[in-house]
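Asks: Chains as they are written, first to last, in our numbering: chain X, 1 to 326; chain P, 1 to 327.
Be a bit skeptical, because a hint or two may be false.
[Claimed, not checked] Straight-line alpha carbon distances no greater than 27 Å define the calculated DSSO-like cross-link-like pairs of lysine-lysine that follow:
| no. | chain 1 | residue 1 | chain 2 | residue 2 |
| --- | --- | --- | --- | --- |
| 1 | X | Lys296 | X | Lys5 |
| 2 | X | Lys134 | P | Lys224 |
| 3 | P | Lys33 | X | Lys131 |
| 4 | X | Lys266 | X | Lys252 |
| 5 | X | Lys266 | X | Lys79 |
| 6 | P | Lys224 | P | Lys317 |
No lab work stands behind these hints: they were computed from the structure. Keep in mind it's a predicted model, so treat the numbers as computed, not measured.
Residues per chain, in single letters:
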Amino acid sequence: MALDKQQLEEMYRRMCLIRYFEEAVIAIHSSGELIGPAHPYIGQEAVAVGACAALRDDDRIAGSHRSHGHPIAKGGDVKRAMAEILGKVDGFCKGKGGSMHLADFSIGILGESGIVASSVPIATGAALASKLSKKDFVALVFFGDGASNQGACHESMNMAALWDLPVIFLCENNGYAITTSYKNSVSVDHVSDRASAYGMPGVLVDGQDAIAVWEATDEAVRRARAGEGPTLIEAMTYRFEEHSLGLDRIIKSEYRSSEEVEEAMKRDPLVIHRATMISHGFSTEAECDEIESTVKTEIDEAVEFARNSPYPEPGDLYDDMWATPV
Amino acid sequence: MPVKTYIQAIQEATIEEMQRDPTVFMMGEDLRKSVYGATAGLVEQFGEDRIIDTPLSENGFFGAALGASLCGMRPIVETVTSFLWVGMDQLISQAAKMRYMFGGQAELPVTFRIRMFYARGAAAHHSDRNYPVFMNTPGLKIICPTNAYDAKGLLKTAIRDNDVCMFFEDGIAISSRTEVPDNEDLPGGELLVPFGVANTVRAGSDVTVVGIAGGVQHALDAAKTLETEGISLEVIDPRTLVPLDMETILKSVERTGRLVVVDPAHKVCSAASEIAATVAQEGFWSLQAPIQVVASEQVNVPYSPALEPLIYPTPEKVVAAVRVVLD
């Protein structure tokens, strides 16, 4: 299967949505409206969008603390995502989860997680449910190079391979666990090298190229649906911003050189995807510009919506604790 | 009425719920060979897809149970108190928090069946009585059945409940036998015990004794001893710690004016301290003597048979505490 014009443009639209959404979050942080921490996804957009382009609506995803890109890539409503980040009642989680816990179960977004790697067993369990209930949805979990060192990852990969579960482990290797570099924390050249230890395929892919990520994920999804088991994909990427907003005011010494950052930013995933669409004759410059401007308006509206949404009432405090009331 | 063991009761509840609902399945270590006794024959009856032996990966399979529950399954996880520590990230950061954190979107119908061994010379790594830790974490339901009747009825309720239930199987209670009615003799055709309803195991008038888990048996033994002296204990078994039926306890204290709480957990921040604190706060004017707590000593569990028995509540300690509140 190959991607058509409509799919490529939709991927571009979602990458733009993430980029402008994050720029809006940064502006909100600067203006003092942001309540808690936020971890910008800028620079990594091709990973989430490429991966989710290979998924169906009923496929499940779970994610990490760098948490805005995944749900938007899966089709999550940016209005409700922004309202959640501002702690408002119209947010995905009625203001109870915030930036790191965006979730929309209605479209298979089982939630981001503030504890690194803790979503990996959750996605593995979702895949177990698919297998046990003889359905054919798959689960895909996004985690970072830092998370790859957590026991939760190893335990999950072993179980998933042992039981041939329809799960895709998608490692976004952005080179740093906050300030600790990949080479100072991972014992092998690539996280994907570890796949052979569990008896599953390990695929290394250019995470700045949405189409490459889509291709790798599409094959992993095919395997998963066919009952052939899990795949570990490692997408090489880079975060263009600081680990979290405001952290640059705390971290005193440089852990990645400005030359390294500048070099990485030359491989902007939006620029790469746009150039591919145009050079292969799928879309024109004007069509790409049109997507960008439409998305800009959509994000402006999302910010407006979030600002106008009310905060939860004090009486909402104890709501949502129990599914079976006590 | 037939008399059954606690383990038989658990097995019956499991089989009935697995027959009733195809989404119920079990995962845990050594289930198929029934190392902990309550899963014998289940793999032959239900097949390997529904009785899953897991690798030794508590954090991994606790989380997998949660993930499966988010997608329509009802896992029963079998484990042991001391292994809960290995999977704490999933229990605390996911099981307890997911539903609230996601604004009520998540339903997590998972039952953790947790064997609670102690007083068996297993030393500090296999003698944990750690339910109070989970009482301190909002979002988990805590069940402590103390006899076969409650074990069956509460387990069936837990499996049908749509929240994470932690079902602690006390090592003292496990050796007990209780009358458990057959389904055909029950009005609704099945035994379901609701959460949050305490059981007044023995009515009495002089002192209220609340027993937690194995503490109930010590309270009953103490009651028998003191009966010969004309002292009447009212023994209450809360059965579930979350939700906790404080109303029954407060009403009893209103009549007796005296409270002893017996709890096999370590005494600092125990279930007993919570109950004592609530009675002190809400039932103070009923009290005629200071509340006494009989809980495990605040020290790790030693191995030697010369030391281990010193740790836990005993009927003798309960008798002594009753004498203090009657003094």
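Asks: Let me make sure I understand: some of the numbered hints might not hold for this structure. Which ones are they, in numerical order?
Replies: Result: hints 2 and 5 break, sorted rising.
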